[in-house]
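Peer 1: Chains as they are written, first to last, in the working numbering: chain A, 1 to 167; chain B, 1001 to 1167; chain C, 2001 to 2167.
None of these hints come from the bench; they were simulated from the model. Hints are not guaranteed to be accurate.
[As the list claims (entries may be wrong)] Pulled a few chain C residues facing chain A out of the computed Cβ check, cut under 10 Å: (1) 2007; (2) 2008; (3) 2011; (4) 2012; (5) 2040; (6) 2044; (7) 2089; (8) 2093; (9) 2126; (10) 2127; (11) 2160; (12) 2167.
Every value quoted in this text rests on a predicted model; they were computed, and no experiment measured them. Heads up, the beta-carbon is just placed ideally off N, CA and C, and yes, glycines get one too.
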Amino acid sequence: MVTFIIGGARSGKSRFALELAASLPGKKAYLATAQAYDREMAERIAKHRAERSSNWTTFEEPLAIPALVEKTAQDYEVLLLDCLTLWLSNLLLAEKDLAAEVNSLLSAISAVSGSLFIVSNEVGQGIVPDNALARRFRDLSGQVNQAVAAAAQTAYLIAAGIPLKIK
Amino acid sequence: MVTFIIGGARSGKSRFALELAASLPGKKAYLATAQAYDREMAERIAKHRAERSSNWTTFEEPLAIPALVEKTAQDYEVLLLDCLTLWLSNLLLAEKDLAAEVNSLLSAISAVSGSLFIVSNEVGQGIVPDNALARRFRDLSGQVNQAVAAAAQTAYLIAAGIPLKIK
Amino acid sequence: MVTFIIGGARSGKSRFALELAASLPGKKAYLATAQAYDREMAERIAKHRAERSSNWTTFEEPLAIPALVEKTAQDYEVLLLDCLTLWLSNLLLAEKDLAAEVNSLLSAISAVSGSLFIVSNEVGQGIVPDNALARRFRDLSGQVNQAVAAAAQTAYLIAAGIPLKIK
């Protein structure tokens, strides 16, 4: 069972995903794509970590998410990937083969027998960015959101902390 | 009764809030957080004011919104705060204690016995802004939207002028 | 019958509109507002064109959309205008009389006896742009989205490829 959760920045999407996931039985793995490359990010990660209870085992992985999903799916009943958008950003900056990575993720997702929650950002509802890399990232995010949402059985759009079931 | 209305720029959120509020009986106060610091803003404010009928008493207040909510709630049955996002922007520019201000607003909201409509902007669905102040404002807006929406009994998301009840 | 479809960049709105429209009987016209002013755009247009089957006749028109809607409505049962936002951008860059153009479009829309699908972008859910032209475009897009959505019998909001019927 894959659940896709999309919303804007600080829309409460991670908290909603955590609440949904925490209500399920079984061992829980939190797959974090964030890297603490500066103080702002380090504080954000520490805050998120403090919000999770000790029932969660945290794995921090900026790039090799498909392999991590496959591996943790063997040992945990509940997986939470937070977030897809940052993983894409990491891949783009590391100049990885994006199409291959996304295909690997879709394969890994389809093989999960437990519950997988995937958090992602909507980044395409502002003005067209004036630099080409940001436009490319925006396009890529939208395309991957579509592909992952299509693979999910359930999807939520979050606004101001309020979930709206859209699938 | 608190009703939270969120949408993008020019999504019709203020007009929808006005229509909802105007349909209720009782004296009506419009709490405007906009300041006419340039011609563009002055025109926007004048346009909004012209759209309201004479049934509304307008209070313009960029910063002391919690006190204004408390005060007007004594004399008016219907309050419309437009908008939360601009109030936050005003507080940030004035270097106020944001956490304290937001807590004061939440207290003031909880004490309103009439109908309070709060309009806010979704600002977190574009590409991550490249300056730190904009990122801080974006984060703050999202957090406050969550807190106020949680305090509301009813919430709407507006797109292209069309309201979608989400709570 | 007018159907309005709004979503962010790469949200799957064009594909959803195409699927809806393709499911109807009758001759089909695709009204494209995109101009291939650079390689990035040329690739995007070619990709979109390849996604459409040969059942569609494509008309490319950056500016004179009201006249094109009127003309094609005589000969085709199904029209798909993709997209409103780019048409507005083209008008703004060409320094056309925007209010007159939008009124012409609303007139043309109201005279369509077949099925008209109109795709548009939500561009107002990011941080306020720091240049005046982008702000003006953002305001204009929101206003026109409201006007066209009001003229539609049916409207969808698309997120991550998932349609949500909002009207």
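Peer 1: If a hint holds in the structure, say so; if it does not, say that too.
Peer 2: Each hint, compared with the structure:
Interface restraint check: residue 2007 (chain C) against chain A, minimum CB-CB distance 8 Å, threshold 10 Å, status holds. Hint on residue 2008 (chain C) holds. Least Cβ distance to chain A is approximately 3 Å, under the 10 Å limit. Hint status for residue 2011 (chain C) relative to chain A: holds, with the closest Cβ pair at about 6 Å, below 10 Å. Checking residue 2012 (chain C) against chain A: minimum C-beta separation of about 5 Å stays under 10 Å; hint holds.
Interface restraint check: residue 2040 (chain C) against chain A, minimum CB-CB distance 7 Å, threshold 10 Å, status holds. Here the hint on residue 2044 (chain C) is kept, as its CB sits about 9 Å from the closest CB of chain A, short of 10 Å. At about 9 Å, the closest approach between the beta carbon of residue 2089 (chain C) and any beta carbon in chain A falls short of 10 Å, and the interface hint on this residue holds. Because the beta carbon of residue 2093 (chain C) sits about 13 Å from the nearest beta carbon in chain A, more than 10 Å, this interface hint is broken.
For residue 2126 (chain C), the suggested interface contact is upheld, since its CB lies about 2 Å from the closest CB of chain A, less than 10 Å. Interface restraint check for residue 2127 (chain C): the shortest CB-CB distance to chain A comes to about 7 Å, inside 10 Å, so the restraint holds. Below 10 Å, beta-carbon pairs count as interface contacts, and residue 2160 (chain C) has one with chain A at about 4 Å; its hint therefore holds. Among the interface hints, the one on residue 2167 (chain C) is violated; its C-beta lies about 16 Å from the nearest C-beta in chain A, farther than the 10 Å criterion.
Hints 8 and 12, counting from the list given before, are not met by this structure.
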